[in-house]
Amino acid sequence: MKEFILGGARSGKSAFAQRRATDSGLGVTYLATAQAGDAEMAERIARHRAERPGHWALVEEPLALAAALRAHAAPNRCLLVDCLTLWLGNLLAVGDAALAAETQALLTVLPTLPGHLLLVSNEVGQGIVPVNPLARRFRDEAGRLHQTVADRCDRVSFVIAGLPLTLKDCPA
Amino acid sequence: MKEFILGGARSGKSAFAQRRATDSGLGVTYLATAQAGDAEMAERIARHRAERPGHWALVEEPLALAAALRAHAAPNRCLLVDCLTLWLGNLLAVGDAALAAETQALLTVLPTLPGHLLLVSNEVGQGIVPVNPLARRFRDEAGRLHQTVADRCDRVSFVIAGLPLTLKDCPA
Amino acid sequence: MKEFILGGARSGKSAFAQRRATDSGLGVTYLATAQAGDAEMAERIARHRAERPGHWALVEEPLALAAALRAHAAPNRCLLVDCLTLWLGNLLAVGDAALAAETQALLTVLPTLPGHLLLVSNEVGQGIVPVNPLARRFRDEAGRLHQTVADRCDRVSFVIAGLPLTLKDCPA
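Respectively, the protein sequence lines represent chains A, B and C.
Using this note's numbering, the letters of the first sequence map in sequence onto residues 586 to 757.
Using this note's numbering, the letters of the second sequence map in sequence onto residues 586 to 757.
Using this note's numbering, the letters of the third sequence map in sequence onto residues 586 to 757.
Read the hints as simulated data drawn from the structure, not as lab findings.
Treat the hints with care, since some could be wrong.
[Claimed, not checked] Derived DSS-like pairs (lysine-lysine); straight-line CA-CA distance at most 27 Å: (1) B:K753 <-> B:K587; (2) B:K753 <-> C:K753; (3) A:K587 <-> B:K587; (4) A:K753 <-> C:K753; (5) A:K753 <-> C:K587; (6) A:K753 <-> A:K587.
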C-alpha cells in the first residue's frame, strides 16, 4: 500500500500522515529529509519531533531517498517519508545531475517496495508565478514529481485545514 | 451551526458566505475585520460593502474578535465574519502577545456561541515558500488557525472559482 | 459542452485537457495563447507542442480570444484553449481597456459557441499575498475571470498532481 499525502504549508498534512501511520497498526519508521541548515529549520525539525510518537524508529536522509527506502521498507512495517519537498530542495542545491538521478531512482524503487509507504509533500504551485527563476524551477520540478508519484501510489490525499480530500483510492 | 469557508484570493468565498447567510433565513450581522489602511484596501472594503445587502447589521472589529462574537452572536441570528486572514494580519502588526491572546480567545469562545456563525478566511499556503520571513510567519499562523477553526466547525467548505467543495459536514 | 479545467503550475491540467479532447472523439483544434517572449517561454511552448498529437489543428492567438473562438468553434469539433492565464497576462501588458473589452467579449461569446470547448487556466490565488501590485492585480483579475468562466461552463475540474477533482458537472 502506497499513499501520497499532499497539502499546503501548515495544512495539517504531517499530522494526517502520522495518524495514517498509527492507524496502520504496524511498526513505524519515520524518514526525515530535513537538514537543520538554519535556526528556523532547526525549530521546525524540533517541533515535528515533539509531535510524533517517541517510539517510532527514525532515519534521517536528505538526499539518497531511494536507497534509504530500499534499506528500510519491510513487509509489516510502515515507512513515513516527511517530506519530498525538502528532499527536492536539497537535491536542487546539489545540482541538476543529482536531482535527475535521485528522482529517477525514486520512481524506479517505488513499485518494488514492500510494506506500507506514506509519502508527504508540499503543494507549492497554486500561488502567483514566482519572480525568482530558481523558485520557478523548484515549482516546476515539484509539480512534475507530484504527478509521477501520485501516478505510482494507490491512494492520494490533499489536506486542507487539517481535512483530507481523497483524490485517488484504488482498492487493493 | 458553525461554518468555516476557506478559499484563495478572488475565489468567490465571500459571495458564497453571503449566499449561505441569506439562505439561513435569519437576520444577518456582518462582522468586518478590514482596516482601510491604504487606498487599495479602502477600495476592497467599498466593493465588499456594495456587494452585500444594505439591510444587514454591520460591526467593524479589526482586533478583538472574540469579544465582538460574544457581544453579537444570538440565537436565531446569523453572524458572518469576513475575514479571519485580515484579522490575523492586524494582530501580527500589533505583536506576538496580542496574537496569542486573541487567537486563544477565539478558540475558547467558538464552542459557546449561539446562532449561525459563518467564518471566512483566505488560503495562503499553497504557493512557493515566501522569501520574506514575516510572510512565512503569517502563512504558518494562518495555516495553524485554519486547522483549529476547521476542527471546531460543523461544516467546512473550500471555494475554487466560485464553486464550493465540502471538506467537512457533520449533521447537527 | 463547455469544460473549464483549472489547476496549479505543473499540476497536469494541460495533459488532462488533452486527454479530454482525445476522449471527445472529435477533430481537435488547439488554440495556443502563449507568446515566445523569452527563452523560458519558448521552451515551454516547445514542450507543450511535443506533448500533443501532431495531427491537431493549431491556432495561435495571444489577445483576440473571443474572435478566434467564434472563427474556429464548430459543431462536431473540439476546441482546446491553453491557457486563459497567459491570455490574461498578455492583455494586462497591453492595457486596461483591452483587458476589459476582451474579457467581456469572451464572456459574451461563450454561451453562443457550438461544439466541445475546453478552457484551461492556472490557479494563482492560493499563495501568500504578492508584494508586487501588478501581481496582486493579475491575481484578482484571474480569480474574477475564473469565477465567471466556471459559471458559464457545464463542467469544471480542478487538477492536483495529475488527478482531476470535479467541482461542477451539469448533465446536458
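Against the structure, the hints come out as follows:
1. Under the criterion of a C-alpha separation no larger than 27 Å, the hint pairing B:K753 with B:K587 is consistent with the structure, at around 11 Å.
2. Note on B:K753 and C:K753: the hinted pairing holds, with a Cα-Cα distance of about 18 Å set against a maximum of 27 Å.
3. Distance restraint check for A:K587 and B:K587: the Cα-Cα separation of roughly 35 Å exceeds the 27 Å cut-off, and the hinted pair is therefore not satisfied.
4. A hinted pair counts as satisfied when its Cα atoms are at most 27 Å apart, and A:K753 with C:K753 qualifies at roughly 18 Å.
5. About 25 Å separates the Cα atoms of A:K753 and C:K587, which keeps this hinted pair within 27 Å; it holds.
6. Proposed proximity of A:K753 and A:K587 is supported: the alpha carbons are some 11 Å apart, at most 27 Å.
Of the numbered hints stated above, the single one contradicted by the structure is hint 3.
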